[in-house]
Amino acid sequence: MTTAQPVASVPYDAVLDELEAEAIHIYRETAAAFKKPVLLYSIGKDSSVLLHLAVKAFAPAPIPFPVMHIDTGWKFREMIEFRDRRAAELGLDLRIAQNKEAIAEGVTPFTHGTHEYTRLMKTVALREGIDRYGFDAAVGGARRDEERSRAKERIFSLREPGHQWDPRKQRPEFWRTANTQLAPGQTMRVFPLSNWTELDIWKYIQREDIPIPDLYFAKPRPVVERDGVLIMVDDERFPLREGEEPQLRTVRFRTLGCYPLSGAVESSADTMEQLVAEMAGSKYSERSGRLIDGESGAESMEGKKKEGYF
Amino acid sequence: MAGMLTPVLHLVTCGSVDDGKSTLIGRLLAETNSVPIDTLEYARRTRRGGSTIPVGEIDYSLLTDGLEAEREQGITIDVAYRHMNLPNGRRVLVADSPGHEQYTRNMAVAASNGDVSVLMVDAARGVRPQTHRHLTISALMGVKTIIVAVNKMDLVGFEHATYEEIVGIVRTTAARLDVPEVITIPVSAVTGDNITIRSGNMPWYQGPTLLEALEQWEPLELRPDAQTTEAPFRFPVQFIVRAEGNFRGYAGTVVSGSVAKGDKVTIANSGRSAVVERIVTYDLHVDGHVAELERAETGEAVTITLDHEVDVTRGDVIAGDDGPKVEPADRFAADMVWIGEEPLAHGRSYLLVCGPSSVPATVTNVRHRLDVVAGHEHAARVLEMNDIGRVEVATDKPIPMDPYGLVRDTGGFLLVDRVTADTVAAGMVRYAMRRSANVVRHDYAVDVESRRLLMGHDAKVVWLTGLSGAGKSTIADAAVRRLHALGVHTFVLDGDNVRHGLNKDLGFTPEDRAENVRRVAEVSKLMVDAGLVVFVALVSPFIGDRRAARDLFEPGQFLEVYVDTPLDVVTERDTKGLYAKAAEGTLPNLTGVGQEYEPPLTPELVLHGVGDVDASVEALVKAILGESA
Chain B
1 MTTAQPVASV PYDAVLDELE AEAIHIYRET AAAFKKPVLL YSIGKDSSVL LHLAVKAFAP
61 APIPFPVMHI DTGWKFREMI EFRDRRAAEL GLDLRIAQNK EAIAEGVTPF THGTHEYTRL
121 MKTVALREGI DRYGFDAAVG GARRDEERSR AKERIFSLRE PGHQWDPRKQ RPEFWRTANT
181 QLAPGQTMRV FPLSNWTELD IWKYIQREDI PIPDLYFAKP RPVVERDGVL IMVDDERFPL
241 REGEEPQLRT VRFRTLGCYP LSGAVESSAD TMEQLVAEMA GSKYSERSGR LIDGESGAES
301 MEGKKKEGYF
Chain R
1 MAGMLTPVLH LVTCGSVDDG KSTLIGRLLA ETNSVPIDTL EYARRTRRGG STIPVGEIDY
61 SLLTDGLEAE REQGITIDVA YRHMNLPNGR RVLVADSPGH EQYTRNMAVA ASNGDVSVLM
121 VDAARGVRPQ THRHLTISAL MGVKTIIVAV NKMDLVGFEH ATYEEIVGIV RTTAARLDVP
181 EVITIPVSAV TGDNITIRSG NMPWYQGPTL LEALEQWEPL ELRPDAQTTE APFRFPVQFI
241 VRAEGNFRGY AGTVVSGSVA KGDKVTIANS GRSAVVERIV TYDLHVDGHV AELERAETGE
301 AVTITLDHEV DVTRGDVIAG DDGPKVEPAD RFAADMVWIG EEPLAHGRSY LLVCGPSSVP
361 ATVTNVRHRL DVVAGHEHAA RVLEMNDIGR VEVATDKPIP MDPYGLVRDT GGFLLVDRVT
421 ADTVAAGMVR YAMRRSANVV RHDYAVDVES RRLLMGHDAK VVWLTGLSGA GKSTIADAAV
481 RRLHALGVHT FVLDGDNVRH GLNKDLGFTP EDRAENVRRV AEVSKLMVDA GLVVFVALVS
541 PFIGDRRAAR DLFEPGQFLE VYVDTPLDVV TERDTKGLYA KAAEGTLPNL TGVGQEYEPP
601 LTPELVLHGV GDVDASVEAL VKAILGESA
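Just so you know, the protein sequences line up as chains B and R, in that order.
Under my numbering, residues 1 to 310 are what the first sequence spells out, in order.
Under my numbering, residues 1 to 629 are what the second sequence spells out, in order.
Hints are supplied without guarantee of correctness; some may be wrong.
[Unchecked claim] Taking lysine to any residue pairs in the SDA-like style, the calculated list, with each CA pair at most 20 Å apart, reads:
| hint | chain 1 | residue 1 | chain 2 | residue 2 |
| --- | --- | --- | --- | --- |
| 1 | B | 203 | R | 89 |
| 2 | B | 203 | R | 474 |
| 3 | B | 169 | R | 81 |
| 4 | R | 576 | R | 474 |
| 5 | B | 35 | B | 11 |
| 6 | B | 203 | R | 576 |
Derived from the structure by calculation, the hints contain no laboratory data.
Here chain R stands alone, though its shape is the one from the complex (with noise of 0.2 Å):
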């Protein structure tokens, strides 16, 4: 809004305990009144071993102090949050990184909603690469303000000398990383010099106080001199308001640009158009309580109908009709920050949640890793925690995300594991690949359903997952040839033949495993199609693997079967002499022994393997055809 300031700046602190960053923090708190009298006097009382501060003088490191787990059980819970009240009125909320070098994890999560960060730098050990590392991180998470607090300088007894090389370095390494904006200020938490007063000590610099930089910092796109266009109107639609009247509208936060009354605007996921007739909010000091507003600003959160019925969905993005569009794509390009413990797995379907929308996804390909300090960009298979890297993206079905660079929260996106629920990855998307709108489906007038009449029955997928040498094939093959009697159109898909031919190139890790699994469901997927009944026989040990398979599927159309044979039985059998190969540890990998078997939850079925054959091809058979069998 012009002609007033930004209310609330998104501040993001980086640096680590060496570097004094605790002190800075506590003292920009304390010096701005920010801080409860009792926990003032906590910092005073209490004292840390080691402390040279005397006891009654304010201990600042204190007022930013970890909880009790973190102490006891020497983690660091990555970020915390905290406000501060500038004199100006302007509300700081802080959100203060941890800053050990492997976790770069915590600083991308901290940068994430980042107007400005402050980058520390001891002045008497110099840039280091962890001040590269905050650097890098900041820029590629978006935040356009870097304000360089070069620390320590009482240490350095106030050298300018010192204080421009640093600056030199960091202003080498923002430039290449095409940093908007550095701010550069010599400080001294521990004396206060240059932190809310200024320095009586270094009369050669002029810029201003840290404080003074925070009150007048404003948004790039917001000054006079901006160069910028106005950012284009984008409303991802949470909920959808049902009440009396036939009223119906959208909930949502603008997120970005903004939206007035009569504007034209388009669904993303339809395309369709439509004109904004009513934006609507709560006000207790209105006759009926419903109040009307004229426009809404990026922040905002309002209701909006609109002067017809369009289709839209939770999740959906109305957004405006001047500027860059928003359409929905399956492929994306995105930097992506890996956060999940377990490594990424090609193939395998994460959900990807994007503001109100989600949708299952799959990493497709990583182009790249990038090293944080020296910023090469090195060849990788995979992303480990605390990696960043390029990577190409599938989703199952089109959403609508924007660039990173153009709208933070339509172009961020996570990745969640399916079976877990964690967070996984953190992902900036790059561009959408269009090759999806190239490749436009052609719709043929023999479908499923004509198949269907022809077969005389129904196409079904049956997945057969269990150990190895549990019996699959054995049970697929004699339930092949009955059903092939009875005049059913079969086909079986074993693991071990698939992997002679289209699967020849994968091993047996976790992320081949998906792989292996993705192709064997998109195939049964294409025979499914063609009318059949396809049998699966794969180890397929992971559970969010196999869910990634039911996905491809209608309801009812898979049939998940557990074959579930005791370890010990399947190791003295051992058909194949895998289990052997096990032992002696030539085979590292084997399902049961080296990796681990994650049996079915709710499978369709759950056969015994070492029962009756005869009984397990009955009760599939019955599975299959129903009760007409």
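Same shape as in the complex, but just chain B (with noise of 0.2 Å):
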């Protein structure tokens, strides 16, 4: 081997059918170890290649489990409209989850810290639908390069009886074979987009069309400034402060999620060519557009996923 020697080049689309076909493999190994497996659709980017990865993984035949959403009562509105109207297009069995007695006791991301709002809204509603409805093995949209404690997840993430993510407790994973198995108790979260980044993402959907949010295009939108960062403003819960008037700017949205708590970014990729030629540019890692994950302690990611966060 010597330096001289020119160097070929690698096609993108050949890295993303090696990412598809693992993908695939997870779900086919999870829709037939599983008793009772369920897809955790939360409506974003990645969720949408996850649906997509699942049509493709059981065609002809329909996707073999129920589809979970886990609703806070804060998404945007685009956003419920656009998961309905993909049930029905794909005639998903979807299952709602929603922590009722939060909602009711008036939690909202304006009266309760991004933490303690996260927990009871995603995570308590998570486990509790997962319980409810019995379900032994969920999947999930996580990347690997989305946080740095990510880089140690399992793509077959063993959760202990009340859905604690123990370290200790983490099975080696060898080839392409994985343990299933269950203890009384345990579950399991599958993660088959493991090895996948942001721009991955972006250069599949384009490729094979996946249908996703408008709200990931640039559009004048209304949105006020918050510690520089800007937040649309998408229905009339939104406490306005003193003075505040909501501006029309032209923003998209990098991640959705409720949408008190998604930053804004400036943009005017209004086309998918001109989105993947933007999230190429990017440097930046998605997460710094959210206002949820905390530096340390219980706030990080890591602190979150104890608790049985993804």
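Both chains are given apart, each in its own frame, so use the hints to dock them into the complex.
Here is the structure:
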């Protein structure tokens, strides 16, 4: 081997093909090995890819398990419309999980800190949803490149009774062979997109023509600026501060969640081509626009995971 | 695929923090723009205690920093997974294994999927035992290319002789291990020499930088000068897809070779032949969204349909007709890495998982344990955590597996503890022992059913489990007298009595207890086949062992009876004087004192050893004969 040798290049599509095959393999293993799996669908781009891959894994048969959405009640209105439309188009068995108790007690992103809000509305709702329906495996869209602590996350991630993530109990993953056995009370979280990057997600959406919510594309939207973050005023529940007036700015979202917690970015990318080009040039990780990840301790992703969040 | 580079390279990195591994990986990630800016910022701002790197410069070692849980609890989670984008578009998936000496198992996990291992050697400290360890494990797990990065060359004045000395030793070990390819590169992770930028300090080195080596690598079998013939087609079936229009397809991943429409294939379990009719995938751009492929290569996840109906279930392997066959066998010689905290127990039933197939299995023999540093084989009876050894495995029914050297996915398997569900070992099949193929079961004309008619009752095994002195033998004795009087053909296998003959070579360690249970279960199976109602009176303290015994029988044939007598009662009774000995400390393995007793979770019957024996016999006889009694 010498350095003079010209180096051939790898087409991006070939990388996507491998990632796709791996995800499909994981889906099929999940559907066959667990008694009652569920796909956790959060409407965003990763979920859109996840849903598409589920269709692909079992075609021409329908997806052989239900789809569950954890609805905090504070998602963008467009997201909910999109969810219901996709569910109808694909004939999904859609289940909605909500922490009704917390909603009744008046928990909102404005009244509670983001950590407590996330714990109650997402983590608790998710755990209750899984318990209520008796799901033994939940497929999610987490990727290892999202956050530092996820580098050590497994594809098949074991949860102890009470949905606790115990780093010591995580199973080593050899070859394509997964140990899908569960002891009483244990459940599994499954992450088919573990090895994907954010750019992979976008390139794949573009290649496969996967429908995604319009919120990802730039458009004039009513926003207010708080602590340097642009927040969209999606409905009348948004408590405007003294002198605050929503302004129309051309923005889009890099990740979608609860609208009061999702930072918008100023952008003119309103086509898929522009969007992918913008993503390819970005050097910031997408979580920089999220308001729910603290730095360390219980508020870090790792801390949330121990409580049963993804 | 000819003419195209392999898109994804699975890279294993091994070595300890002392060797500068974190810095090397961190630098590779940073210099290939594989790290987001905010993570880079973190590595500029944050400083660990003792760090001499000025704030504002990147501390590359922080890019691969661990979890809070690890730092707080002082533990290391086996492997971290990262990705790297090379300038030529290749994706590198990095499995980064912490290099503490005791973590053989971590290294094995990381190497199980590896195409290339990067092995760090500290130039200043030279080759150390763990260098040999990492080489051995890489070779054993089937990594074909080893890149030896001789690091910290700056600390030895970039001296050629030091490098050559290290490289010489590593090459000798690699040759002994039959590693197909060794690439050696002198580097300095701290200064960046020969990582992504050619070093000006070592004009004597003409080879590639680490980055170039990773960009240029191709699997040996895809190189122009490849000697190997095409890999055999293997398609383990994961899922049966049934859809409208009588569609029946087999979904799985091509784990070796390739398949084309019209190929003749063999279903491994039945040995039946079929022809591949369609290779199906989903495509939004196609009418009806079902696309057909002409062929599928290694790594592709597709759905295959066959030209006629054959029996194919999940776990079966669809195999090519050319090249080596995959024939089901039930005995295998394998190398095994022990992962579990509990050591291997002979005769204990584990679940063997190979891709989508799983089957109960026992380790019947440990041939030797491997000294991974010196390469010697030592005689051993058990394997403990982080041990590697050659074993023999027997499965409850034949399963199609390949030699690991031929196909990793159909040659590698896990052993899973059937009670805790933990993965306790990873094995690599070296060869199938065809003993079972040569010993053909003979079908006799007088079968179980004809014996049942002659006996006038069903054959069963009544498995009495409980502490020593609980009253198992007493209850068995009374029940047998009663049944005998009713004309039922019975026999008692008593734990103490069996240990005078058949099992006199066994002691009371957990492994020996597992073997004791296995033998008694096999003997009772023979007796049940002979038409008898067999009573087993055996402490049999472990759930896993009893479950293995149950698995030998048909549903309804095995009655697990828990003789539940409290420990203080049996200690008080102490009919055999065992509890007194245990209290003196001369009997360390007595169940309930020195060893745990795991009560049955769902026994067919619970009897109380303190109660009336007649009432127990009544309940037992009713359970055996049904309501007719």
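Looking back at the numbered hints, which does the structure fail to meet, lowest number first? 2, 5, 6
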